[in-house]
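Residue strings, one per chain:
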Amino acid sequence: MNWIQVGKLEDIPRQGSRVVKTATGEIALFRSIDDQVFALNNRCPHKGGPLSQGIVHGKRVTCPLHSWVIDLESGSAIAPDTGCAHRHEVRIAHGVLFLEVEAGVCKD
Amino acid sequence: MATNKMRLVVIGNGMAGIRTIEELLKMSADEFDITVFGAEPQPNYNRILLSPVLSGEMKFQDTVLNDWSWYEENHITLHTGKTVTKIDRVRCTVETEDGIITPYDRLLIATGSNPIMLPVPGIDLPGVVAYRSIADVNGMLGMAGMGSRAVVIGGGLLGLEAANGLAMRGMNVSVVHLCGWLMERQLDETGGGLLREALEKRGMKFFLSRQTEAILGETAVTGLRFKDGEEIPADLVVMSAGIRPNIALAKSAGIHCERGIVVSDTMQTFDPKIYSVGECVQHRSQTYGLVAPLFEQAKVAANHLARYGRMRYEGSAVSTKLKVTGIDLFSAGDFNPGPEDEELLLQDAARGVYKKLVLRDNKLRGAVMYGDTLGGPWYFRMMRDGTDVSAMREHLLFGESHIGDSGHGGVSAVANMPDSAEVCGCNGVCKGDIVNAIIEKKLFTLEEVRAHTKASASCGSCTGLVEAILANTLGADYSAKPSKKPVCACTEAAHQEVRQSIRERSLKTIPEVMRALEWKTPDGCHVCRPALNYYLLAAWPGEYLDDSRSRFINERVHANIQKDGTYSVIPRIWGGVTSPAALRSIAEIAERHQVPTVHITGGQRIGLYGITKENLPKMWAELVAAGFVSGHAYGKSLRTVKTCVGSEWCRFGTQDSTALGIRVEKMTWGSWMPHKFKIAVSGCPRNCAEATIKDFGVVCVDSGYEIHVGGNGGIKVRVTDFLCKVDNEAEVLEYCGAFMQLYREQANYQDRTAPWLERVGLPYIKRHIVDDAQGRAELYVRFLKSQQYSQDDPWKERVQGKDTHEYVALATI
Chain V
0 MNWIQVGKLE
10 DIPRQGSRVV
20 KTATGEIALF
30 RSIDDQVFAL
40 NNRCPHKGGP
50 LSQGIVHGKR
60 VTCPLHSWVI
70 DLESGSAIAP
80 DTGCAHRHEV
90 RIAHGVLFLE
100 VEAGVCKD
Chain H
0 MATNKMRLVV
10 IGNGMAGIRT
20 IEELLKMSAD
30 EFDITVFGAE
40 PQPNYNRILL
50 SPVLSGEMKF
60 QDTVLNDWSW
70 YEENHITLHT
80 GKTVTKIDRV
90 RCTVETEDGI
100 ITPYDRLLIA
110 TGSNPIMLPV
120 PGIDLPGVVA
130 YRSIADVNGM
140 LGMAGMGSRA
150 VVIGGGLLGL
160 EAANGLAMRG
170 MNVSVVHLCG
180 WLMERQLDET
190 GGGLLREALE
200 KRGMKFFLSR
210 QTEAILGETA
220 VTGLRFKDGE
230 EIPADLVVMS
240 AGIRPNIALA
250 KSAGIHCERG
260 IVVSDTMQTF
270 DPKIYSVGEC
280 VQHRSQTYGL
290 VAPLFEQAKV
300 AANHLARYGR
310 MRYEGSAVST
320 KLKVTGIDLF
330 SAGDFNPGPE
340 DEELLLQDAA
350 RGVYKKLVLR
360 DNKLRGAVMY
370 GDTLGGPWYF
380 RMMRDGTDVS
390 AMREHLLFGE
400 SHIGDSGHGG
410 VSAVANMPDS
420 AEVCGCNGVC
430 KGDIVNAIIE
440 KKLFTLEEVR
450 AHTKASASCG
460 SCTGLVEAIL
470 ANTLGADYSA
480 KPSKKPVCAC
490 TEAAHQEVRQ
500 SIRERSLKTI
510 PEVMRALEWK
520 TPDGCHVCRP
530 ALNYYLLAAW
540 PGEYLDDSRS
550 RFINERVHAN
560 IQKDGTYSVI
570 PRIWGGVTSP
580 AALRSIAEIA
590 ERHQVPTVHI
600 TGGQRIGLYG
610 ITKENLPKMW
620 AELVAAGFVS
630 GHAYGKSLRT
640 VKTCVGSEWC
650 RFGTQDSTAL
660 GIRVEKMTWG
670 SWMPHKFKIA
680 VSGCPRNCAE
690 ATIKDFGVVC
700 VDSGYEIHVG
710 GNGGIKVRVT
720 DFLCKVDNEA
730 EVLEYCGAFM
740 QLYREQANYQ
750 DRTAPWLERV
760 GLPYIKRHIV
770 DDAQGRAELY
780 VRFLKSQQYS
790 QDDPWKERVQ
800 GKDTHEYVAL
810 ATI
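These protein sequence lines map, in sequence, to chains V and H. Residue numbering for the first sequence follows numbering that gives the first Met the number 0, beginning at 0 and increasing consecutively. Residue numbering for the second sequence follows numbering that gives the first Met the number 0, beginning at 0 and increasing consecutively.
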């Protein structure tokens, strides 16, 4: 595993999201109301909408383009829609965020 | 199972009982050990679809709603083919005929109804069947041979569906009916007559105003004798003279029953541990025989079983459709006019169309439609909403299309639409897709159809049509959504309830509202949070702190997101009047930022497209320096005030429409609304600024200013309604502010002025804005007060550093 430090928990607003730019595309980091952090590729499985711009609610985000709802833990679209935004591991240590970039996997 | 879970026993494995369990599982999946007893040997099936099974259009398997595995997956103990014969309310147990004794903590009785068997001689003969269950259908099919003769007793909804099904199986079918016309509970005499003619053309015979005296035959049915002595031959007699709530079991247990099992608004019987739903209940003196009310009841019962304890069932308004392929009829409400009622009629024999509307005090009380039923859901909606229809009275009979639904106005009979006809233009959904989804996925509600097909999920203009298809596909038992529509799945509260609670209970933050109204989710969803944020903002101007996390992206970053994730920037151009210097600065800024597209908008402004998010603050800084403010082209807010050049230049101009438009825009810009809001001011009745398709339009005339409200362009074009004429510009400003404030304070979030106005009715608006001078002045004051807090340019604030985190990446790696 290759953990990269990307910022602090407080840099992401609660119920909000920030983007980390990588050579292979953007990764969106989401912070839920109870301060959990999730990371997904910043592309909706539907039409590639930037998930980081959506409204975060519970452990879900709603894509700003066509209101698909994506589960932040798995990256999967909520039924009846189907599809998956690749997820990444995030760790919080003393308020600092570490991101695992390589393992862009779908978890169903 | 030795657990300390609550034990729930359900008597009745039909649609009401199982729907309640489904609702309960959604709310608290693990709280109950559930046992279900069903007298029929099948799992829960869709009773509505018995008619197509009878006619051969569907197979029984297609009607199963919950197959065996569903019960297993949800750990439900199921006893089929077991009739419960005893409820012991002291020991809290139920007992079946073969001696299974099951204890309960909560009991749900959903025993449905029984067909009424006429007390005539011969009723027990082989060949006499009811029409209530799949067993009855199989019984009929066993006897239905080509050319054999069937007599259906009862010309109501079910009887006619049975008759149609048997006719399609090749039988010679006669229908005997006590009343002078068919379906007298749903149709008036004329409608019933049209229906009879249509069915006669299909070869059915009718014996109306006839009473059956005896069923004839020695060992099996051979015929029927009427009271007047006439006899007709029959190989099969179908009893369809009505249904009666099945209350024998409840009654024997001492539970209070009248016609049905009497329940309260929480679906509780007189024994607080025992609930009841479906056709067996009597609620507020009403019994129901349709599916929609039963689903509403299931929701309420589940809510109380799960101990949320906040929903009430308040009765249902029902509408009916006959499920006979190729025959379109619809009825709702009370359509037999009394002395104080008025009647509107339309009859077109050549087209086979008949419509009757019954009004009282300018409100719809009932509707009967035959031949063209597309407007049915619309009439039904207005009946439930209590809309004042006096302003649209002359067009009312012609349906919604004649008051503005041009998008789908051309489609009349849903049943006759080909499967390939596109219904939802936004998402490319055809009629066939919707019908298939309804049948295969077993959908019942508009919301379910939206989730599965996306039809009507975008702009919503085809909602009426989708509802009509749903009604047509589900047939008799469909009725439109309950009048109380929750904001979203997070809550049971409707929009107006939320607004009222915010005001009356002085709720000041989103978490406070969610706590007070018992939201089911910890922090709402993308549907309710923006609505709550707006309601709080509108209720407490200057006091409520806007929650940017509950704003849709466009309003959060003050730019309009495009399909590729870039944004558009549209500066405000007051009244559409610009100058060479202003144009030059926009041109230079566009050039410097290499803007891919510069476009003149429909609202007399200039749009710059393809701006990346990081670049927004830089571009705004330059625009702000050149004297521009945000055009709010991205918000549920005032968009633009379109004007023509008016009396300053135009040889027809009657007033200075340009200057007036600029005054109006300076007063109204920056205000947040339930939806976007457009204004225009035209200098003469030629109306070049298109003021009569705006939310608020002013048409200048020689003697003053005409004020028009509630229009919009777009998919569902709606021309404004004329509100009144005023004498001077000051009055225009006051009426404009007052109208906007009324809309801001009262409309549902996401409703533009047109649907809001159609719901409350134009007379309501006139009462508040035109007739009540005091009320108008107060609305105007409240509007101006709220504007004190909303006219800070959001672009300038962000240039100065507000919300910087929205525009820059967290890290680049």
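If you are wondering where the hints come from, they were derived from the structure by calculation, not from laboratory data. Owing to the predicted nature of the structure, the values given are computational and were not obtained by experimental measurement. For each residue, glycine too, the CB sits at the ideal point set by N, CA and C. Hints may contain errors.
So these bits of chain V aren't anywhere near chain H, every CB distance computed over 10 Å [claimed, not checked]:
| no. | residue |
| --- | --- |
| 1 | Asp-10 |
| 2 | Gln-14 |
| 3 | Glu-25 |
| 4 | Asp-33 |
| 5 | Gly-57 |
| 6 | Glu-72 |
| 7 | Arg-90 |
| 8 | His-93 |
Result set (BS3-like, lysine-lysine): computed pairs, CA atoms no more than 27 Å apart in a straight line [to be verified]:
| no. | chain 1 | residue 1 | chain 2 | residue 2 |
| --- | --- | --- | --- | --- |
| 9 | H | Lys-507 | H | Lys-519 |
| 10 | V | Lys-7 | H | Lys-519 |
| 11 | H | Lys-484 | V | Lys-7 |
| 12 | H | Lys-784 | V | Lys-58 |
| 13 | V | Lys-46 | H | Lys-519 |
| 14 | V | Lys-58 | H | Lys-665 |
| 15 | V | Lys-20 | H | Lys-519 |
| 16 | V | Lys-20 | H | Lys-440 |
| 17 | H | Lys-484 | V | Lys-46 |
| 18 | H | Lys-562 | V | Lys-46 |
| 19 | H | Lys-617 | V | Lys-58 |
Simulated DEER-style distance windows between Cβ atoms [unchecked claim]:
| no. | chain 1 | residue 1 | chain 2 | residue 2 | range |
| --- | --- | --- | --- | --- | --- |
| 20 | H | Arg-311 | V | Leu-8 | 17 to 27 Å |
| 21 | H | Lys-362 | V | Gly-47 | 24 to 34 Å |
| 22 | H | Ala-624 | V | Trp-2 | 39 to 49 Å |
| 23 | V | Glu-99 | H | Lys-562 | 42 to 52 Å |
| 24 | V | Ala-22 | H | Tyr-806 | 14 to 24 Å |
| 25 | V | Lys-20 | H | Lys-362 | 31 to 41 Å |
Now for the hints, and whether the structure bears them out:
{"no.": "1", "hint": "Asp-10", "in the structure": "violated, 6 Å"}
{"no.": "2", "hint": "Gln-14", "in the structure": "violated, 4 Å"}
{"no.": "3", "hint": "Glu-25", "in the structure": "violated, 8 Å"}
{"no.": "4", "hint": "Asp-33", "in the structure": "violated, 8 Å"}
{"no.": "5", "hint": "Gly-57", "in the structure": "violated, 6 Å"}
{"no.": "6", "hint": "Glu-72", "in the structure": "holds, 15 Å"}
{"no.": "7", "hint": "Arg-90", "in the structure": "holds, 15 Å"}
{"no.": "8", "hint": "His-93", "in the structure": "holds, 17 Å"}
{"no.": "9", "hint": "Lys-507/H <-> Lys-519/H", "in the structure": "holds, 19 Å"}
{"no.": "10", "hint": "Lys-7/V <-> Lys-519/H", "in the structure": "violated, 31 Å"}
{"no.": "11", "hint": "Lys-484/H <-> Lys-7/V", "in the structure": "violated, 42 Å"}
{"no.": "12", "hint": "Lys-784/H <-> Lys-58/V", "in the structure": "violated, 38 Å"}
{"no.": "13", "hint": "Lys-46/V <-> Lys-519/H", "in the structure": "violated, 30 Å"}
{"no.": "14", "hint": "Lys-58/V <-> Lys-665/H", "in the structure": "violated, 42 Å"}
{"no.": "15", "hint": "Lys-20/V <-> Lys-519/H", "in the structure": "violated, 36 Å"}
{"no.": "16", "hint": "Lys-20/V <-> Lys-440/H", "in the structure": "violated, 41 Å"}
{"no.": "17", "hint": "Lys-484/H <-> Lys-46/V", "in the structure": "violated, 30 Å"}
{"no.": "18", "hint": "Lys-562/H <-> Lys-46/V", "in the structure": "holds, 9 Å"}
{"no.": "19", "hint": "Lys-617/H <-> Lys-58/V", "in the structure": "violated, 33 Å"}
{"no.": "20", "hint": "Arg-311/H <-> Leu-8/V: 17 to 27 Å", "in the structure": "violated, 43 Å"}
{"no.": "21", "hint": "Lys-362/H <-> Gly-47/V: 24 to 34 Å", "in the structure": "violated, 49 Å"}
{"no.": "22", "hint": "Ala-624/H <-> Trp-2/V: 39 to 49 Å", "in the structure": "holds, 44 Å"}
{"no.": "23", "hint": "Glu-99/V <-> Lys-562/H: 42 to 52 Å", "in the structure": "violated, 30 Å"}
{"no.": "24", "hint": "Ala-22/V <-> Tyr-806/H: 14 to 24 Å", "in the structure": "holds, 22 Å"}
{"no.": "25", "hint": "Lys-20/V <-> Lys-362/H: 31 to 41 Å", "in the structure": "violated, 59 Å"}
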